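J.: What follows is the residue order along each chain.
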Amino acid sequence: MEMEQSGMFMPAQTVGTVLCCICGVAMPPNPANMCVRCLRSRVDITEGLIRHAAIVYCPECHSYLQPPRTWIRGLEPESKELLAFCLRRLRLPQRRIRLVHAEFIWTEPHSKRLRLRLRVQAEALHGAILEQAHMVELTVHDRLCDNCTRAQANPDQWSAVVQLRQLVQHRRTFFYLEQLILRHGAAVRAIRIAEADHGLDFFFGSRSHATKFVDFINGVAPIRFRNDKQLVSHDVKSSVYNYKHTFSVEISPVCREDLICLPPKLANALGNLGPLVLCTRVTNSIALLDPLTLRSAFLDANQYWRAPFKSLLTSRQLVEYIVLDIEVESAEVHIGGSKYVMAHAQVARITDFGKNDTMFTIRTHLGHLLNPGDYALGYDLYSANNNDFDIDQHKNLVLPETILVKKSYQEKQSKKRGKARTWKVKNLNMEVDTTSKGRNDEKRNTEYEEFLRDLEENPEMRFNISLYRNKEYQPSEAASTADGDDIPSIPLEELLADLDLSEDEGNQNGENMDE
Amino acid sequence: MLLNNPQEMTISLSAGVQFENNCEVGVFSKLTNAYCLVAIGGSESFYSVFESELADVIPVVKTSIAGTRIIGRLCAGNKNGLLLPHTTTDQELQHLRNSLPDGVVVQRIDERLSALGNCIACNDHVALTHPDLDRETEELIADVLGVEVFRQTIAGNILVGSYCAFSNKGGLVHPHTSIEDLDELSTLLQVPLVAGTVNRGSEVIASGMTVNDWTAFCGSDTTATELSVIESVFKLRDAQPNIIVDEMRKSLIDSYV
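One line per chain: the protein sequences are A and B, in this order. Residue numbers for the first sequence follow full-length UniProt numbering, beginning at 1 and rising by one. Residue numbers for the second sequence follow full-length UniProt numbering, beginning at 1 and rising by one.
Honestly, the hints are just simulated from the structure, not real lab data. Careful, some of the hints might be misleading.
Partial chain A-side listing against chain B, Cβ under 10 Å, derived [claimed, not checked]:
#	residue
1	Pro29
2	Ala122
3	Leu125
Computed footprint of chain B on chain A; a stretch qualifies when at least three of its residues, placed anywhere within it, have a C-beta under 8 Å from a C-beta of chain B [unchecked claim]:
#	region
4	8-16
5	222-231
Among chain B residues calculated to face chain A with C-beta under 8 Å, some are [as the list claims (entries may be wrong)]:
#	residue
6	Glu92
7	Ser186
8	Leu188
9	Ala195
10	Thr197
Small disclaimer: the values here were computed from a predicted structure and weren't measured. Where is the CB? At the ideal position from N, CA and C, for every residue including glycine.
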């Protein structure tokens, strides 16, 4: 070959024929100098290759066993992956034999047999390379894999539970958490979700799923938790212990719109924040706002639980006021994404209005929202009976008579009552224990209504929640009569259309929220 | 014995010869028209095969060369002379000079390629040599053996002495030799040539068999096809076919002992 490349003259070389040394038939010479048939009849290169093998298959989860313990899923019959799996099981001697081609021979699916045809090449005597076909038959044995046996034996078997608790009188937090969990899919691995009083229980199949869930909750609420385990069974020979793990998670009882009197130490630590503060937002940290000075502070979960405090008054105790006069005092202040304006206001309780002359002159942070004649909700400190340890701690504390919290749309909303909303939310499928005492369905429904109304009024609450367009909503003609004041409602761009994969409707793609 | 009447000598082909269970006959023996050299083996069966065939006709000499038994590959010769490598000891040289007939010139030559049997293939008229042989050696060959020397390769192999075996009647070469090469060699050697194998497909022809004008000895692995090829090309088949069959049978039985 090199001589040809160097330009030398090479005479033509015709290969002659020799006689096969066994059978005498004329053939071109090869390294063994035997014709192919004699070679094949004398040398069997597939000697030593296995012809029958067994593989194990789980009929429940359609997976194949790779010994000693791995179960491989997703191997379709007559697929490339199944072929590769079978070839691995055959343990071909890679040094001696080269696999050129492999394919399935069709067998009935119920026959529990897989047939392969392989073509192998190997060196026969004297360096001649021989190619031969080889048939392998694999027997499929049925056996339930470990996970399926466990699932079949006890389908409700859980090994970790996360018990979320919040010791308050309402379930607003849990409604909100439910929406968050749905949005982020944190509970997809939960075997079961059950309602308990003051909270929810989430049951998981493995401890790691439960830990992941607790981590998720840690990121959205100020919690403290502890982890305990109980021994269920114990294999002496291999020292394997089976536990049931319990995560007790407690969410802080401070909620949005609560009035809090800070303990003196904490007030000092936060820079002498006026002991009466409003809680404006609860995520994994608590945002506090002093309504009289418009100063704010953040407490994260560790800080809170080091010196936990309870709310003085909660949103149950909100009383309705009517604003008689308002006088803006200072300019706009932006705190944490919302704006506040300090104002002097003259307010009277709705119950007093028209009956007697009780009026209060107060300072409020809602100067930007309120106009004379508006309704507002606030805490009535004038007539409240406070039995709080922390208040007594503060010496020389002068309590304001009223602290306004939010504007109320009660009147207008009463017109809208009974009409469907343009949007809806999904729900987690929880097991509800209807027989336990202390349940009040009516109270539950009103609380849910209030939660939905909260969603409408607060854009920042909607941030982490998926809202869906309500297909059943038909705008009735009566609605188009112009309402004087705009009731806060959710703009259409924020709603996701429910992805419906049925065949009669086309796919509607969800529009994402811009927030 | 009856050397002067070659027509009376029985033409025979012995197959099934083994030297200590090894079927490479051409390694342990050297056969020419005037003499036969045989290696010293543990058992006498190898020697007796040759003796039974040739004892009356030409001398069969047991020897070693350079203390080894691979004498067929170390020396080269024909009826005129015998060439030995420089590693041959003086005693062996003397022994050979004494045992061989007077007409045969025994010469020890100084050559870098000392396996002369692998480098030189010759009959009584023509010799093929390894292309790298010295010029002086070539002249010596022409002198001592009285032949015309050609430097050649066979099927691209330079060891011409191993890959072909030829007598004055015909020759067998490496199976991969192309047709053009066969023609060229045939023209040089002036004998019919055929490409074939010996000892069940072995390409090393001269190791597997040894041949002169009327006798051939092949190793025990040689198949019937190969035997028929050898018979036809070396012209060992004509005249007195019965005797050939008898001889063959005898030799076969002999070697199984």
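J.: Next step is simple, just say for each hint if it's right about the structure.
T.: Quick rundown of the hints versus the structure:
1. Pro29: holds, 4 Å
2. Ala122: With Cβ-Cβ at 18 Å, over 10 Å, it is violated.
3. Leu125: holds, 8 Å
4. 8-16: holds (count 6)
5. 222-231: violated (count 0)
6. Glu92: violated, 35 Å
7. Ser186: With a minimum Cβ separation of about 12 Å from chain A (threshold 8 Å), the hint on Ser186(B) is violated.
8. Leu188: violated, 15 Å
9. Ala195: With Cβ-Cβ at 5 Å, under 8 Å, it holds.
10. Thr197: holds, 4 Å
Of the numbered hints stated above, those contradicted by the structure are hints 2, 5, 6, 7, 8, listed in ascending order.
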